[in-house]
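The C-terminal position of the sequence shown is numbered 286 in the working numbering, with every residue numbered one higher than the one before it.
FYI, nobody ran anything at the bench for these hints, they're computed from the structure. Since no wrong hints were added, every one of them can be taken at face value.
Using 30 Å as the maximum straight-line C-alpha spacing, the simulated DSS-like pairs for lysine-lysine come out as follows:
hint	residue 1	residue 2
1	K67	K167
2	K60	K167
3	K167	K248
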Amino acid sequence: MSVDSALVYRGLDIGAAKPDAATLARHPHALIDIRDPAEPYSAADFRADALQAMKDITARGKVPLLVGGTGLYFRALQHGLSHLPEADAAIRERLTEEAVLIGWPAMHERLRQADAAAAARIGPNDAQRIQRALEVIELTGRPLSEQQRGGSGERFPWRVLKLALLPADRAPLHARIAERFDAMLRDGFLDEIRGLRARGDLHPDLPSMRAVGYRQAWEHLDGATDAAQFRDRGVFATRQLAKRQITWLRGELDARTFDPDRPGLEARAVDALELFLGASG
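Using the sequences and the accompanying hints, generate a full structural model.
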């Protein structure tokens, strides 16, 4: 089952590193291609869909295998969601207008002054999350981080084995990120974006188009960057995403971590699985 905020969207293929049709035919995945990119998809939507998918999988006598890198989705699934207020269109529109004038980094600084804990987890250009955090503060008068701490108290009905890849040396990771981005460009990533833009109903403020790589490609096709700048910004944004994922994984104290660049990765993962299954028995 995919736990990835980009893979839920149909048409986000090359830039989201979506498994190809042959792979999906051999190994069916839940929660891939379930939303049109013009539609929003929240952590609450994911939790509801994921719980149902896991029930369906276990009803067939199978074990759900969750794969992905969206930490918010994993956290929402296992610990539930805080009871935060619904989105307010007027507040969001005003915050967006302010950001156009002063930039999202300045909006991030405003968030830091009101909720330092939330700002520490959110990048200075992560418009969607900055906007939501400021919106919640305006609607409730309380910091978002304070309201998120408790979760919803909903019980997660499965025991979990968490396996995480954490490279000890960032250099090979950074090299792979650059190689992957260049491969995406060779495979037609910009043509994919051109096709999405040609629909006429998508715009860069949609959650789907804010995904790493897609945001930078949209800006490039708008003429904001040349080819070299686009490539560099795309690689940098991907490295920043990987950094945030690593930080999140290090906070998962019950996760078994493995260095992917050390030999014997598969054997070590199998040992962890057998130990877990033995303890479960």
